[in-house]
Amino acid sequence: MQKKFSKRITVLFLALCFIILSYCLYRNINKAIQPRQQEVQIQEKNEKKVYPNLANYSNVSILVSIKQQKMIIYSGNQVIFKTTVSTGAKDSPTPTGKFAIEAERGDFFYNEESSEGAYYWVSFKDHGTYLFHSVPTDCNGNEIKEEAEKLGTPCSHGCVRMSKEDAKWFYENISEGVTVSIH
Numbered sequence: 001m002q003k004k005f006s007k008r009i010t011v012l013f014l015a016l017c018f019i020i021l022s023y024c025l026y027r028n029i030n031k032a033i034q035p036r037q038q039e040v041q042i043q044e045k046n047e048k049k050v051y052p053n054l055a056n057y058s059n060v061s062i063l064v065s066i067k068q069q070k071m072i073i074y075s076g077n078q079v080i081f082k083t084t085v086s087t088g089a090k091d092s093p094t095p096t097g098k099f100a101i102e103a104e105r106g107d108f109f110y111n112e113e114s115s116e117g118a119y120y121w122v123s124f125k126d127h128g129t130y131l132f133h134s135v136p137t138d139c140n141g142n143e144i145k146e147e148a149e150k151l152g153t154p155c156s157h158g159c160v161r162m163s164k165e166d167a168k169w170f171y172e173n174i175s176e177g178v179t180v181s182i183h
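Counting with the UniProt record's numbering, you get residues 1 to 183 for the letters of the sequence shown.
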């Protein structure tokens, strides 16, 4: 009787250990494969942004969250920069998936068809079709106030819009080949 009871205790103890170990492994694996989404705090308008020096980082990648209208730049799994963006409107969505920063870039463009231009554009899909760039400007390069006020809402023609300051930093610092994930 004593041996039978001892065997049951041993089996129960081993089962409990197995359950605890499985739970710990599940939590660690789940953390590792979870999408890299985070709530991002919006910076106060009068606060000066601090842009990271990318020379100090490796394995840089970009995540654009359509749901949150945020762009997050990572070094590995570490967030090094985050900002508010505007992605495509319902009738002209931003493409989703994995891309890479392409070679095409420029300091200004103007599209007569849409009567809008933008500063500091960087291509991420179809070699100049889908871009990261500043909020829209008129033909003289003046920011269109109504469009700038929409930053943080899905309102672009498919590109990823950001403030002029963010776009300038992005243009000057994000290299060709950097991975872009949009979802």
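No lab work stands behind these hints: they were computed from the structure. Certain hints may be false.
As the list claims (entries may be wrong) - In silico lysine-lysine, BS3-like type, Cα no more than 27 Å apart, as pairs: (1) LYS145 - LYS90; (2) LYS7 - LYS82; (3) LYS48 - LYS125; (4) LYS48 - LYS98; (5) LYS49 - LYS150; (6) LYS145 - LYS48; (7) LYS168 - LYS125; (8) LYS7 - LYS67; (9) LYS145 - LYS168; (10) LYS145 - LYS164; (11) LYS98 - LYS7; (12) LYS150 - LYS125; (13) LYS98 - LYS145; (14) LYS67 - LYS48; (15) LYS150 - LYS90.
Unchecked claim - Just the calculated beta-carbon pair ranges, DEER-fashion: (16) ARG8 - SER75: 46 to 56 Å; (17) ILE20 - ASN173: 27 to 37 Å; (18) LYS145 - ASP107: 17 to 27 Å; (19) GLY76 - ASP138: 14 to 24 Å; (20) ILE20 - ASP91: 47 to 57 Å; (21) GLY177 - ASP107: 17 to 27 Å; (22) GLY76 - TYR110: 14 to 24 Å; (23) GLY97 - ILE19: 35 to 45 Å; (24) LYS164 - GLU113: 14 to 24 Å.
We put the beta carbon where it would ideally sit given N, CA and C, even for glycine.
Taking the hints in turn, this is what the structure says about them:
1. LYS145 - LYS90: Satisfied, since the Cα-Cα distance of roughly 21 Å is no more than 27 Å.
2. LYS7 - LYS82: With a Cα-Cα distance of about 56 Å, the restraint between LYS7 and LYS82 is violated, given a limit of 27 Å.
3. LYS48 - LYS125: violated, 31 Å
4. LYS48 - LYS98: violated, 31 Å
5. LYS49 - LYS150: holds, 20 Å
6. LYS145 - LYS48: Distance ~20 Å between LYS145 and LYS48 Cα, so the pair holds.
7. LYS168 - LYS125: Status holds; Cα separation ~19 Å.
8. LYS7 - LYS67: violated, 54 Å
9. LYS145 - LYS168: At roughly 18 Å apart (the allowed maximum being 27 Å), LYS168 and LYS145 satisfy the hint.
10. LYS145 - LYS164: holds, 12 Å
11. LYS98 - LYS7: Distance of about 54 Å is beyond 27 Å: violated.
12. LYS150 - LYS125: holds, 23 Å
13. LYS98 - LYS145: Violated, at about 32 Å.
14. LYS67 - LYS48: holds, 25 Å
15. LYS150 - LYS90: holds, 14 Å
16. ARG8 - SER75: 46 to 56 Å: holds, 52 Å
17. ILE20 - ASN173: 27 to 37 Å: violated, 46 Å
18. LYS145 - ASP107: 17 to 27 Å: For LYS145 and ASP107 the Cβ distance comes to about 21 Å; the hint holds.
19. GLY76 - ASP138: 14 to 24 Å: violated, 40 Å
20. ILE20 - ASP91: 47 to 57 Å: holds, 52 Å
21. GLY177 - ASP107: 17 to 27 Å: holds, 20 Å
22. GLY76 - TYR110: 14 to 24 Å: This hint is violated: roughly 38 Å between Cβ atoms.
23. GLY97 - ILE19: 35 to 45 Å: holds, 38 Å
24. LYS164 - GLU113: 14 to 24 Å: Holds, at about 22 Å.
Consistency note: the structure conflicts with the earlier hints numbered 2, 3, 4, 8, 11, 13, 17, 19, 22.
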